[in-house]
Every structure is written in structure tokens, then in C-alpha cells.
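**Q** Here's the letter readout for the chains.
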Amino acid sequence: MASEFLMPKLGLTMEEGTIAEWLVGDGDDVQAGAAVLRIETDKTETDVEAAHSGRLRFAGDVGDTFACGERIGWFLADGEEPPAGSASTAAPAASTTAPASTTLAPPTVAAAATTPGGRILASPMARRVAAERNIDLGAVRGTGPGGRIVSADLDGLTSAPPAPAPAVAAAGITLAPAAGIGGIAPPATVAARQLADLLGIDLRSVALDAREGRVTRDTVALHVRGVLAAASASSLAAASTSAAAPSSSLPPAMQAPSTTIKLSGMRGTIAKRMHESLASMAQLTLHMDADLDAVVADREQRKAAGNAPSYTDYVIAATARALTQHPVVNSQITDEGVALLPTVHVGMAVALDGGLIVPVISDTATRGLESLSAESSRLAAAARDGNLTLPELEGGTFSVSTLGMFGVDGFTPVINPPNTAILGVGRLRDDVVVNNGDISTVKRLTLSLTWDHRAFDGAPAAEFCQTIATLLQDPSALDTPVSS
Amino acid sequence: MSRKIAYVQAFNEAVRQEMQANDDVFCAGEDIGAFGGVFQSYAGLQKEFGERRVVDTPISEQAIIGLGVGAAVAGLRPIVDIMFMDFIAVAFDQIINQAAKLKYMFGGSATVPMTITTGGGGGLSAAAQHSQSLEALICHIPGLKVVYPSNPYDMKGLMTSCIRENNPTIMIKHKRLLGMQGDVPEEPYAIPLGKANILREGTDVTVVSWAKMANDSVDVADQLASEGISVEVIDPRTMQPLDTETIVASVKKTNRVIVVHEAVRFAGLGAEVAAQIQEEAFDYLDAPVGRVAAPFSPVPFSPVLEAHYQPSPDRITEAIRSVLARPGA
Numbered sequence: 001m002a003s004e005f006l007m008p009k010l011g012l013t014m015e016e017g018t019i020a021e022w023l024v025g026d027g028d029d030v031q032a033g034a035a036v037l038r039i040e041t042d043k044t045e046t047d048v049e050a051a052h053s054g055r056l057r058f059a060g061d062v063g064d065t066f067a068c069g070e071r072i073g074w075f076l077a078d079g080e081e082p083p084a085g086s087a088s089t090a091a092p093a094a095s096t097t098a099p100a101s102t103t104l105a106p107p108t109v110a111a112a113a114t115t116p117g118g119r120i121l122a123s124p125m126a127r128r129v130a131a132e133r134n135i136d137l138g139a140v141r142g143t144g145p146g147g148r149i150v151s152a153d154l155d156g157l158t159s160a161p162p163a164p165a166p167a168v169a170a171a172g173i174t175l176a177p178a179a180g181i182g183g184i185a186p187p188a189t190v191a192a193r194q195l196a197d198l199l200g201i202d203l204r205s206v207a208l209d210a211r212e213g214r215v216t217r218d219t220v221a222l223h224v225r226g227v228l229a230a231a232s233a234s235s236l237a238a239a240s241t242s243a244a245a246p247s248s249s250l251p252p253a254m255q256a257p258s259t260t261i262k263l264s265g266m267r268g269t270i271a272k273r274m275h276e277s278l279a280s281m282a283q284l285t286l287h288m289d290a291d292l293d294a295v296v297a298d299r300e301q302r303k304a305a306g307n308a309p310s311y312t313d314y315v316i317a318a319t320a321r322a323l324t325q326h327p328v329v330n331s332q333i334t335d336e337g338v339a340l341l342p343t344v345h346v347g348m349a350v351a352l353d354g355g356l357i358v359p360v361i362s363d364t365a366t367r368g369l370e371s372l373s374a375e376s377s378r379l380a381a382a383a384r385d386g387n388l389t390l391p392e393l394e395g396g397t398f399s400v401s402t403l404g405m406f407g408v409d410g411f412t413p414v415i416n417p418p419n420t421a422i423l424g425v426g427r428l429r430d431d432v433v434v435n436n437g438d439i440s441t442v443k444r445l446t447l448s449l450t451w452d453h454r455a456f457d458g459a460p461a462a463e464f465c466q467t468i469a470t471l472l473q474d475p476s477a478l479d480t481p482v483s484s
Numbered sequence: 485m486s487r488k489i490a491y492v493q494a495f496n497e498a499v500r501q502e503m504q505a506n507d508d509v510f511c512a513g514e515d516i517g518a519f520g521g522v523f524q525s526y527a528g529l530q531k532e533f534g535e536r537r538v539v540d541t542p543i544s545e546q547a548i549i550g551l552g553v554g555a556a557v558a559g560l561r562p563i564v565d566i567m568f569m570d571f572i573a574v575a576f577d578q579i580i581n582q583a584a585k586l587k588y589m590f591g592g593s594a595t596v597p598m599t600i601t602t603g604g605g606g607g608l609s610a611a612a613q614h615s616q617s618l619e620a621l622i623c624h625i626p627g628l629k630v631v632y633p634s635n636p637y638d639m640k641g642l643m644t645s646c647i648r649e650n651n652p653t654i655m656i657k658h659k660r661l662l663g664m665q666g667d668v669p670e671e672p673y674a675i676p677l678g679k680a681n682i683l684r685e686g687t688d689v690t691v692v693s694w695a696k697m698a699n700d701s702v703d704v705a706d707q708l709a710s711e712g713i714s715v716e717v718i719d720p721r722t723m724q725p726l727d728t729e730t731i732v733a734s735v736k737k738t739n740r741v742i743v744v745h746e747a748v749r750f751a752g753l754g755a756e757v758a759a760q761i762q763e764e765a766f767d768y769l770d771a772p773v774g775r776v777a778a779p780f781s782p783v784p785f786s787p788v789l790e791a792h793y794q795p796s797p798d799r800i801t802e803a804i805r806s807v808l809a810r811p812g813a
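Chains as they are written, first to last, in the numbering used here: chain A, 1 to 484; chain B, 485 to 813.
Here chain A stands alone, though its shape is the one from the complex:
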């Protein structure tokens, strides 16, 4: 049975680690507890022990950075291959820098006694205490009969190095949402009830173990670790642009949910980044209409020629050119100030089942409509097929998000950090225009610009939008590459 090898969390504040060196070869047989990997955090370099025995297959190379809890390899049985669909789930490393913990446990000296099957001999009491304190029993020397670890062997020990991140099921358990409603206690094991009693935890706030269908000792422990991590995170400078508060501090669902979508993977990344965005910036949105009669006419012509860009492509092309004229919008806030970025890379939001992803059209302003349209089609297809590469997701300086196909005119898009602005594109519609008593219709759509007021003010934001609207009235200008 293949087991995942996850980037360990070596301290409450460690967010990511970089592979510095594999101490064994890809495909080598390793024993649980053996040092197999050296990782770097921004504070320290440390060895990581194998969590299981088996054939170790790498899922990351030297220099790769992984968030804590992300898969960096597999432990496989003989002749076993990594499970299908196991391509790295690595997301771009977060740009926030969290200080790594400096309180690493001392190096382990002796391994615990194990059975031939690899089970560590430890009393139930010792197992509970180890789970509560996040101690790796594999690193503890047992003094009971046959080397059994007893609770006294854990006196004075605190958390040990290779402890997987709390959020990704330290004990390999799958969580189901907390089920408690009103005054009804959820189903729970005796051990879970006692542990919750001991720690003063309301069982109704604890997630169920999906496999067991009830609260277990492990889910209580996970809950407690989550609460501790949240407490620690919130005490770390409120001003820092650190992660959103973990969901474990939230009250339980007010009704028994019909289903609960886990805040993990893509959903988790979106939740974290969007909350971080709104929590850390001064965002506001303006709406401006743009007339698209000229674009519609231009598109009809190209359609006849068989290579029509989408309306969004026109807007992206106009936006890219507007960005070169309004460099303050193509910016990033740094410690030194508002950094104006010379090259324009526009990200385009692509909706996926259960989330969205923002691939980046590189050097957007230098592309003619045809090149831009070809690239946006390619990226959208790759996004839906899950074939985007990391470089295709990185480096965006501005984003465009479209909801027009759903009949939306204006909305308030949320900035994709570390950008300072994002443009929302509404539906193409017919508007009635009265001009000196003459009534006519015009093709129009609404632009919704959200920007970070820290970087620039309303007037430059409006001027930027006007430039886009003006450019959309002259599609031929959009076909001329702009050298930036």
C-alpha cells in the first residue's frame, strides 16, 4: 500500500520547505526513521526521517519548494507504482515569508522497539500522550517490558521533528465535517470523549473521522492542534500578511450540513489567498461602460476569416496596452514602496469545477490579437485539462476575470496578490442611447476595476479604465504589438 511522504511541519509557523538534498537515491529501499532528506526552511537546514518503510520514490527535486503537508514522495511496496493521477499537487509557493520555528527537537538517539510488523511497542497511555504532545514515538526509547514505551518515557519530551502538518491529517485520517447540532453531542469514541473532557473541548466542534463516522481521539487531537496553531498564528503580528485564520477556530455548522466542501487543495488555496487579499489591501471597485460596436464589427470580419478572438481577448489586449500607459496600475507593493513593473503579464481567470485558476499570458502587451487569442485558448484548454505548468501560473502583474457569460454586468473582483488591481468584464449587451433626441442602440459591456487604494487613487484608476474603453473603440490598434 503506497504511503505519501509529506513535507513535514517543523514548527507551528513553518509554512514551506525546500529540498536541499536527497540523502538516498530515487527508488531506494528505506527504513522508517532513517534520515532520507535534508530540507531548508528560511531559518534552518535539517534532516527529515522516513515516516514509513518501503521503496522511496521522489516527487520533488533539489531546489523545489513545497508547502508543509504537500507530497514530496511516495513509500511503495515492492513492484508498486505511485497511484495514478499522482502528479505533484504543488502550488506556487506562497510569497509570504513565515519564520520557521527555531525550537527543533534534539536529534533522536535510539529508535523505539518495534514488532516484526513494524508496530512500535507503546502502551495506550503513551500513545495518547504522544498524540497530544505531537511526539514521534519512533524516536522514544521504551523502558517497559520488551522495550514498550510507557507514559513516564515521555516525561519532559515535546514535539518531535517528522510530524506532518496538522491540516493534512497527521494520523492519515480523513476528516468529515463536525456533525454536532444544537445540544446533541456527535457520535464519539470513549477515548475521544475522555480526551475532550480532559482538555475542555466541546465535541460538537470537532470533525468526525470520515472512516469511522464518529469523533475519534485522533480528530480531537487534530482539532486541538488546529486551535493551537490558530492561536499561535493570530498572536504573530496582526499586521503581517500571513495566512487567513485556520477554519478550526470557526463555530460549527449551524445545521447538519448535507455535504461539506473541504478547504483543501485548490479550494484551500483560493480561500487562503482571497481572504489574505481582502484582509491585507485597501480594495475598492469602480464600474465603467465601454462601447464595443467597433470590436463587434472587427470580430465579425475575423470570424469570416476563421480566427475570431473572444471578446475577452479584445479586453485583455486593450488592458495590456492601457497598462503600459498607466504603469502605476502594473505594480506591486513592496517593503520599499509601490514598485512599478516594466513588463505586463496579464493573468486570465479560468473557472474550473470546484475552483478557478489564473494562467498568465506572458508579455501580453507585445502580442497582437492573433497571438494573444491563440495563447489564451491554449492556456484555457490546458487549465481545464489540468496540464498547466508552474511557469504558466507565475508572474502575473494584473488579472482579468469575466462573468459576462452568466449575464453579469458589474461586480467586485478580488485582487490576486501581489497585484494591485484586477479588471472584471461583464456581458455584451445592447444599450439604448439618446443623442440629441436621436435614439440608437450600441453594443456595450461594463468594466469593473478593483484596485488597491494604497497604490493609487480613484482618478488614475478611472483614467486607466477610460484608456481601455478608448482602445476598445479602435480594434486595429490592438493588433499592433507594443514594445515595452
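Treat the hints as calculated values from the structure; they're not laboratory data.
Be aware that one or more of the hints could be misleading.
[Unchecked claim] Interface residues of chain B toward chain A, partial, derived using beta-carbon atoms under 10 Å: (1) Q524; (2) A527; (3) G528; (4) K736; (5) N739; (6) E763; (7) E764; (8) A765; (9) F766; (10) D767; (11) Y768; (12) L769; (13) A809; (14) R810; (15) G812.
[Said to hold, decoys possible] Cβ pair distances, simulated, as ranges: (16) A:V24 with B:Q762: 15 to 25 Å; (17) B:A809 with A:L228: 33 to 43 Å; (18) B:S593 with A:P145: 51 to 61 Å; (19) B:R805 with A:A34: 34 to 44 Å; (20) A:D202 with B:E685: 30 to 40 Å.
From the three backbone atoms N, C-alpha and C, an ideal C-beta is built for every residue, glycine too.
Chain A is fixed; fit chain B onto it per the hints.
**A** Using the frame of chain A, we list chain B on its own:
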């Protein structure tokens, strides 16, 4: 006012005081009247209350229990004596199928406020048919309450509760404790059924034991204290219903537990206690639950063999040491 009396006198006093207090209470059994019972449990009662309330019966355990069940259903509060616990087997239909079941079968409209008293345990070289510890058999039957006191004080309080209880109870008198002296108040008092007693507090290991073995365990605990081993001894007193809560609370404190009983080990109450502990306190155990009990064999007649057969202080000590063992420490 308190004074020292024997275990058997404490029993006798509880019966007498309840008979004085309640005219519905009466006794029946073999030789309990003029003779006062083979262990003198009922001494003097016939003289005080007369032959109608202290009845000598023929040698028929079925008849004795049957009489008690009928009288109880009719509204009296009988105390019926089975001389040796071994003989309850003769009356098992009356005990298991009638006494324990009537309230249930009649939907609560019939109650059986009957107390069965009997002598249990070995140590008198009374051989295999007069020395058994059969408490596990009767604890297995829903509808019965089973008490097994370890000292005179508990005997009087528990016997009083048995007589006052509105459901069938079985009071087991340990034959080797009949002469045990202890402080017992003169005035009537009741010890609630289903409540364990912590005979001795400790922090390192919990010993659960009852009747004579509870006293032996306290002696062992006193000895081990001189070595710095702190033993907590819990006497459940009532075997059914069992006070699991007190036992579990103790195990959570000490993380180690042994059960000591005179009955044979296989399917003895030690198995039930161990099972409840692993259900309720699994995560608090640092060692498997230890059991000290008799081997799977009838109780021997030979005094030497019987002494070997019964759990001894040495075996209790050894079991405590084994759950405390940390050879690698």
C-alpha cells in the same frame, strides 16, 4: 455509637434491626431458627421474633427460594438463607427464572423485595462442594443485585440496604471473614448498593478486589508502601451493579491495574472488570490489566493444596510488580 463487633454479628444486627423496624421482614432457611444457622448468622432471632418470622425449613433449596419469591410477590420482605453458596445451583430455576424475572414478566406490577443470604469462599478446607466463589454466575443474570462485603462495617450497611431494596438481592458472606472484628455503629445505617469503596489510596497501581481478597490486598499494599510503591485498593462491595466509574477514575490516575479474586480466573469477574477498563480507559493504560485468581480447577480439600490454589499475598505482590515493571528504566 461505634464499637467493635464481628462480621457475622454485623450481619445479625442488620437483620434484627430491620425486623424490628418492619413487620413485613421475615427469615427462612435451614437450621436458622433454634440453632441460629450453621454460621450463627441468625443467632437469637427466632427467640426474639418467634417461629412465624424466623422459619426453619426442610432441606430443599428450591422450596426455600420459591417460598421467598412467593412471599415477596405477596407483599412481604423475605430474607432466605442458602447455607453454602454452592447450593444456589440447586435453586437456580427459582433464582434465575423466577426471582430475577418476575418484575419484567409482569411489566413491573410484581416486585420481589427478597434477600438471599449465603456463605461463599474457601479457606476452611470444606472441599469442592462447599468452598466455591460463584459470584460471576449470578452477576450474569439481569434482575439480580449481588453484594459481597469485606468487613463488618460494610456488612451491616449493605445487608440493611439489601433488606430495604425492592428487587432481589444476593448477600454473600465470606466464610473466612465471619469472625473479622471491626468498628460498627449500633444505630441502623445503609450503604448504597452499587458504590465501590476505596479501601486504600495510592498512585502507582490500582488493585480491584473484594471480600477476603480485598483485605489481603490491603495487607500487600501496606507492605509495598515500605518500598515506595503506592497501591490503591478498590473494593467494589457490590458486584452487580458494578461501580465502574470509581474503578476507571482510579485507573486514569494510576495507569496500571490488577484484579484479584478467589474465583477461578476463566470467565471470572476479573475478565469483566478488565473488559470495562479497556473500554473506558484504554488510553490510560501503561500495562495490560493483570488478573490474580484461582486456577481452572475445583477447590481442593487438602489444606496445603487449597492454600496453593487460593491467591496468596505473594502472588498479589508479584502481579503488582509485573505491571509496574520497567526493566529498561
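**Q** Take the C-beta atom of A:D202 and the C-beta atom of B:E685, compute their distance, and say whether it sits inside 30 to 40 Å.
**A** Hint holds: Cβ distance 32 Å, inside 30 to 40 Å.
**Q** Given B:N739 as an interface hint, is the shortest Cβ-Cβ distance to chain A below 10 Å?
**A** For B:N739, the interface hint holds, since the closest Cβ of chain A sits about 5 Å away, which is under 10 Å.
**Q** Holds or violated: is the Cβ of B:G812 closer than 10 Å to a Cβ in chain A?
**A** 4 Å, holds
**Q** Under 10 Å is the threshold here; is the Cβ of B:G528 close enough to any Cβ of chain A for the hint to stand?
**A** Given a least distance of 51 Å, the restraint on B:G528 is violated.
**Q** Tell me if B:R810 is really an interface residue toward chain A, meaning its C-beta lies closer than 10 Å to one of theirs.
**A** 4 Å, holds
**Q** With chain A as the partner, please determine if B:Q524 meets the hint condition of a C-beta pair closer than 10 Å.
**A** Since the shortest Cβ distance to chain A is 47 Å, the answer is violated.
**Q** Is 34 to 44 Å a correct range for the gap between the Cβ atoms of B:R805 and A:A34?
**A** 37 Å, holds
**Q** Double-check B:F766 for me: the hint is only fine if its C-beta lies closer than 10 Å to a C-beta in chain A.
**A** 5 Å, holds
**Q** State, for the Cβ atoms of A:V24 and B:Q762, whether the hinted interval 15 to 25 Å holds or is violated.
**A** 40 Å, violated
**Q** Once the shortest beta carbon distance from B:E763 to chain A is found, is it less than 10 Å?
**A** 6 Å, holds
**Q** Taking the beta carbons of B:S593 and A:P145, is their distance inside 51 to 61 Å?
**A** Roughly 56 Å apart at Cβ, these two residues keep to the hinted range, so it holds.
**Q** Given a cut of 10 Å on the nearest C-beta pair, is the interface hint for B:L769 held or broken against chain A?
**A** Given a least distance of 5 Å, the restraint on B:L769 holds.
Consistency note: the structure conflicts with the earlier hints numbered 1, 2, 3 and 16.
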